[in-house]
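K.L.:
Fit the two chains together into the complex; they arrive one by one in their own frames, and the hints show the way.
The listed protein sequences correspond, in order, to chains A and B. Residues 90 to 326 (the numbering used here) are what the first sequence spells out, left to right. Residues 10 to 208 (the numbering used here) are what the second sequence spells out, left to right.
Worth double-checking, as some hints may not be accurate.
As the list claims (entries may be wrong) - Take a look, some chain B residues computed to stay more than 12 Å from chain A by CB distance:
no. : residue
1   : Q22
2   : L29
3   : L152
Unchecked claim - Which residues of chain B face chain A? A few of them, derived with a C-beta cut under 7 Å, are:
no. : residue
4   : Y40
5   : S167
6   : R187
Hints listed in this document are in silico derivations from the structure and should not be mistaken for laboratory results. All figures in this text were calculated on a predicted structure; none of them were measured in a lab. Quick reminder that beta carbons are idealized off the backbone N, C-alpha and C, glycines included.
Given next are the chains, with one letter for each unit.
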Amino acid sequence: MSFDPITITRAPDYRLDSAPKHHPDDATLVSYASGGLSAGAQLLLQCHLACCEHCRERVAEAEAIGGGLLEHLPLAQMKTSVDDIFAKLDLLDAAPTFSTEQRPVTRPDWLPEWAEPVAQWLETDQNWQRLAPGISQIKFDQPEFSKDKAVRLLKISPGTCMPSHGHNGSELTLILSGSYCDETGRLCAGDVADLDPDIKHQPIADRDQDCICLIVTDAPLKFEGWIPKLMQPFFGL
Amino acid sequence: MEKVQSASQNWNQALTEVGLNRDREQFAALYQHFAPRVKTYLLRFGLSDAQAEELAQEALLQVWRKAEQYHASKAAASTWIFCIARNLFIDQQRSGRGKLENSTDSYHEHEGLLNHNEQATEDDNSWQSSQKHIEDALKELPLMQAQLVYKSYYQGKSHSEIAADLEIPIGSVKSGLRLAFKKLRLSLAAESFAGGEML
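Okay, chain B solo, but in the shape it has when bound (with noise of 0.2 Å):
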C-alpha cells in the first residue's frame, strides 16, 4: 500500500518546488493557502486590513524570492514562512512605518477563533489531523498560560509588556512561558512521531 504523504509534506514539497524550478502552479496553490492566514496573523497584530494585505502580499513575494534558501530538512513550509512573516513585521514596527491600531486583547476573546477554520481542502485532512496535536496541547494549557503564548505569538508583545497588561510580575511571566512551551515541545515531538516521517 503507498503510503499518503501529509499535507504539511505536501507544502514543504511545493516550496521545494518554487526554489527549485520557479514553479508557479505550486507558488499559487501556497499563495491560496498562506496568504489569508499570514494576513490573519498581521491582522492580529494590530495593522489594518489595508496594511496586513500589502504585508502579506509582500511576504509571499519573499517566499517566491528566497524560496530556493528553503530546505525542507530543516522546517516546515508553515514554519519558514512564518519566519518570514514574523521579520516584516518585525522591520515594519521598527522602521516606523504604519501606526498599529489597538491589537486584540486576549487570547479569551480569541480562543473560539481557533476552532472555526474548517475550511480545510481535501488534501488539508492527514495534516489537519496531526496539527490537532499542538492544536489540543494549546487548548489544554492553563488559561493564563495560553494567554501568554498567544501574547507572545499573536501579538509579538515583550516579557515586560505583557507582565504590564495582565499586572504579573515579569518573573510570573517568563515561568509561564518556560512550562507552556515545555508542554508544547513535547506536543510538537509527538506530532513529528506520530506525523509523516515514514518516507
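So here's chain A without its partners, still in its complex pose (with noise of 0.2 Å):
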C-alpha cells in the first residue's frame, strides 16, 4: 500500500461544522513536512489536515524551508545526463496511461469522510474489540506501522471517565467523532492533542455520543492506581 498522501497540491479541502480548535504542535507540523513522522503520525495529521486550513498554511510554510534548504544543498554527481532522461521521457510518454486502479475503500458510517485516509487500514467486518467498561479498540498492527508504539481506534462511551495518565513519549490523538473534555479543553471532532511527555491528563468522554478517536502513541503509556495497571494489559501496551 503506497503512502502518497503529503503534496501540497492535493490537500483536499473539508469543512467542519466549526474549525478545528485544537492544533498539533508547530514541532509535530515541522515533522510532517520534513518526512519524520512515523506512519501512524503521519495519518493521523492526514486527516487533520484535511479539515485544518490553518495547519495547511503552516505545513505549506514548512515545507517551503525545505524547499528553500534543497536549493542550498551541494551538488551531487549525477550519472543519468539529459539525454538518457530524455530517452526515458520517451518510454514514459509512449507508454499507455494504465490508471492506477486503487482498490475501492468502504468508510463505515462512524468515520467522518474528512479522516478517509484511516479506512484503507480497516479490515472489511472489523469489530470493536472490548477492553473495559465502556472502552472498545481497534489496534492497527500492520507492519507499516512497526515504528509506531501503537496506533489504534478508541471508542469511549458517553460519560465514560479514562484513567488518569502520563506518557514516556508522546501522544497525539485526533478526534474523529464525539467529543472529550480533560484538562487542557474541550475536543470536538477535527481536534488534535498533541501531548508533551510529562502532561498528564484525564480525558472523560461527552455524555451525548460515543466519542472515537484515533490514537498514536510512541512510548509505552504510565498509568497511575491499581485499576489503571490492571487495565494496562487490556490495552496491550
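P.N.:
Below you can see the structure in the form of C-alpha cells.
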C-alpha cells in the first residue's frame, strides 16, 4: 500500500461545522513536512490537515523551508545525462497511461469523510474489541506501523472516564466523532491533542454520544493507581 | 526599467511550461538544476550513491509526469520538488526496499556544506540573494536548534529518534523545533516581501 499523501498540490478541503480549535504542535507540523513522522502520526496528521486550513498553511510554510534548504544543498554528481532522461521520457510518453486502479475502500458510518485515509487500514467487518467497561478499540498492527509504539482507534461510551495517565513518549490524539473534556479543555471532531511526555491527563467523554478517536503513541503510557494498572495489559501497551 | 524576474520565479515558470506544453527544453533545465540537489538530499538520508541516483531520477520523472498539477501560486518549484523527493523517500523506506547505510551524523559536520555551493549559473544571482535569508536564518539559529532542523529535514528523523540521538528529552526536541520554525518562517516571510513579488 502506498503512502502518497502529502503533496501540497492536492490537499482536500473539508469544512467542519466549526474549524478545529486544538492543533498539533508546530514541531509536529514541521516533522510532517520534513518527512520525519512515523506512519501512524503521518496518517493522523493527514486526516487533521484535510479539515484544518490553519495547519495546511503552516505545513506549506514548513515545506517551503524544505524547498529553500534543497536549493542550498551542494550538487551531487548525476550519472544520468539529460539525453538518458529524454530517452526515459520517450518511453514514459509512449507507454499507455494505465490508471492505477485503487481498491475501492468502504468507509464505515462512524468515520467522517475527512478521515477517509483511516479506512484503508480497517479490515472488512472489523469489530471493536472491548477493553474495559465503556471502552473498546481497534488496533492497527500492520507492518507499516512498526515504527509506532501503538496506533489504535478508541471508542469511549458517553460519560466514560478514562484513567488518568502520563506518557513516556508523545501521544497524538485526533477526535473523529463525539467529544471529550480533559485538563486542556474540550476537544471535538477534527481537534488534535498533541501531548508532551510530561503532561498527565484524564479524558472524560461527553454525555451525548460515543467519542471515537485515533491515538498514536510512540512509547508506553504510564497509568497510575491499581485499577488502571490492571487495565494496562488490556491496552496491550 | 524592466523588472528582472528572480531565478526562483524562473524555475516556477519553467515548471509551469513543462506542465502546460510538455516543454522539454525547460525540463532539461529543471533536471540539470534540481536532480543533483535532490540526489544530495537523498544521500543525506543515508542512501547509497546508486540508490540516490535512481531515486533522484525517479523524482525528476515524476516532475515530468505530474507537472500539470503544479501551481506557481501555491508553492515555489523548489518546494514542490522537495515534496516529491520526500514522498518518494518515505514510500521507499516503508516498502522496505533499500537498506539505509549510516546517515551523516550531525548538522555540525555538515555546516560547511551549506556554504560551499557556489556553482550558481548566471541567472541564479537574484535567487541566491533572496535565498540568503533562509541560509542566514539557519546560521543564526543556536547550534542545538540548527541540529534539530538538520535532523528533521536532512535525516527525516522523528522527535523520539532525535531525542535518543542527542540524549535530550522529547519535550526539548519539540520546544527547540518550535522556536527554530518560528525564526525560519519569519525569514521566509521577509524573503517573499523582499524577493521578487513585484510582478
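K.L.:
Just pull the numbers of the violated hints for me, sorted ascending.
P.N.:
The structure breaks none of the hints.
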